[in-house]
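Colleague: Listed here are the chains, written in short residue letters.
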Amino acid sequence: MNLSARPSRLGKNRGLAHSENPFRVMNGSILRQTLVRKASIFMAWIRTIPIAEASAELKQAMESQKALYPIEYATPVHKTEDGGPAPIVASHSLIPQALYHAFATFGVLTSPDLPLSRRQQEMITTLVSVTNRCVY
Amino acid sequence: MTLDKALVEALEKDYTTAPISPQDRVMLDYVVQLTKDATKVWKDDHDRLRAAGFDDQAILQITLIASWFNYINRVADALGVGRE
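Residue numbers (this note's numbering), protein chains in the order written: chain G, 1 to 136; chain V, 1 to 84.
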C-alpha cells in the first residue's frame, strides 16, 4: 500500500509526501487496527489454540483433514495472520478429534468422484447459510 | 468460490427466481426444506429428486452436504465465529 499516493482516511494529506505526512502513522495505525478488528471478528468466543502452540495430535488432525479436500479448496476464504487454520476450524481446536472428524467429513463430501459438481455443492452451502442467516 | 457474484446475490435474494436449472431448483427446494424443518421432508421429495435426475448416491450427498453445513452454521453462530 502506497500511503503517499492516496489521501488519508481523514482527507488531510494536503499533497504531502509520505515522509512529511503527519497522518501517515495514524493511517497505518488505522489500517492495522482495522485489520486486527476484522481478524478478531472471526475468532470464536472460546479459547482456541494458535498453530504455534498446537500439540502433535492437533497438528495431525488439522493436516489430515486438509488433505481430504480437492485442491481448489486449498485457499482458505478467511485467512489468518499466523498462517493457522480458518477460524471455524480453529474453533474446534480444544477437541482435536472432533476437528478432524468434522472437517474430514466435509472434505470427503466434496470429492470430485461423487455426483455433484462443485457449482452444485456451492449452491447448497450458500442456500443453507442464507436460510440460517449465518453471517460467517 | 466458483459461483459468480450475480448468482450468489440472486440466491441470497430469492433462490426461486435465480437463474438456475430445473434440476438445481429441485435440489435447492429439498435443501431449503431440510434446513427449515427436516421432519417435513417426505418420500415424495426424494421422488422429485429422482425425477430430476439424481440417483441415491447424489441424494445422499445433497443431504449430507446440506446437513453438514447446517451443523457448521450452528457451530459458528454458537461460538461467535464471524460475529462481534
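Just so you know, these hints were derived from the structure itself, not from any lab.
As the structure is a computational prediction, the values presented were derived from the model and not from experiment.
Just so you know, not all the hints are guaranteed correct.
Straight-line C-alpha distance at most 20 angstroms; calculated EDC-like pairs for lysine to aspartate or glutamate [to be verified]:
no., chain 1, residue 1, chain 2, residue 2
1, V, LYS43, V, ASP29
2, G, LYS59, G, ASP113
3, V, LYS13, G, GLU122
4, G, LYS66, G, GLU53
5, G, LYS66, G, ASP113
6, V, LYS36, G, GLU53
7, V, LYS36, V, ASP55
8, V, LYS5, V, ASP24
9, V, LYS5, G, GLU57
10, V, LYS5, G, ASP113
11, V, LYS43, V, ASP55
12, V, LYS13, V, ASP24
Colleague: Under the criterion that the straight-line Cα-Cα distance not exceed 20 angstroms, is the pair V/LYS36, G/GLU53 satisfied?
Modeller: Measuring from Cα to Cα gives roughly 39 angstroms; hence the hint is violated.
Colleague: If you draw a straight line from the CA of V/LYS5 to the CA of G/GLU57, is it 20 angstroms or shorter?
Modeller: violated (39 angstroms)
Colleague: Are the Cα positions of G/LYS59 and G/ASP113 separated by 20 angstroms at most?
Modeller: Cα-Cα ~27 angstroms, so violated.
Colleague: Please verify whether V/LYS43 and V/ASP55 have alpha carbons no more than 20 angstroms apart.
Modeller: holds (14 angstroms)
Colleague: Do the alpha carbons of V/LYS43 and V/ASP29 lie within 20 angstroms of each other, as the hint requires?
Modeller: Holds, because 14 angstroms separates the two Cα atoms, which is no more than 20 angstroms.
Colleague: Between V/LYS5 and V/ASP24, does the CA-CA distance stay at or below 20 angstroms?
Modeller: holds (18 angstroms)
Colleague: Mind checking the alpha carbons of G/LYS66 and G/GLU53 for me, to see if they're no more than 20 angstroms apart?
Modeller: holds (19 angstroms)
Colleague: Compare the distance between the alpha carbons of V/LYS13 and G/GLU122 with 20 angstroms, and conclude whether the hinted pair is satisfied.
Modeller: Roughly 16 angstroms separates the two Cα atoms, so the pair holds.
Colleague: Check whether the Cα positions of G/LYS66 and G/ASP113 lie no farther apart than 20 angstroms.
Modeller: holds (17 angstroms)
Colleague: So if I understand the rule, the pair passes when the alpha-carbon distance is 20 angstroms or less; does V/LYS5 with G/ASP113 pass?
Modeller: violated (27 angstroms)
Colleague: Taken at face value, is the distance from the CA of V/ASP55 to the CA of V/LYS36 at most 20 angstroms?
Modeller: violated (23 angstroms)
Colleague: Is it true that the CA of V/LYS13 sits at most 20 angstroms from the CA of V/ASP24?
Modeller: Holds. V/LYS13 to V/ASP24 sits at ~16 angstroms (cutoff 20 angstroms).
Hint violations for this structure: numbers 2, 6, 7, 9 and 10, all remaining hints satisfied.
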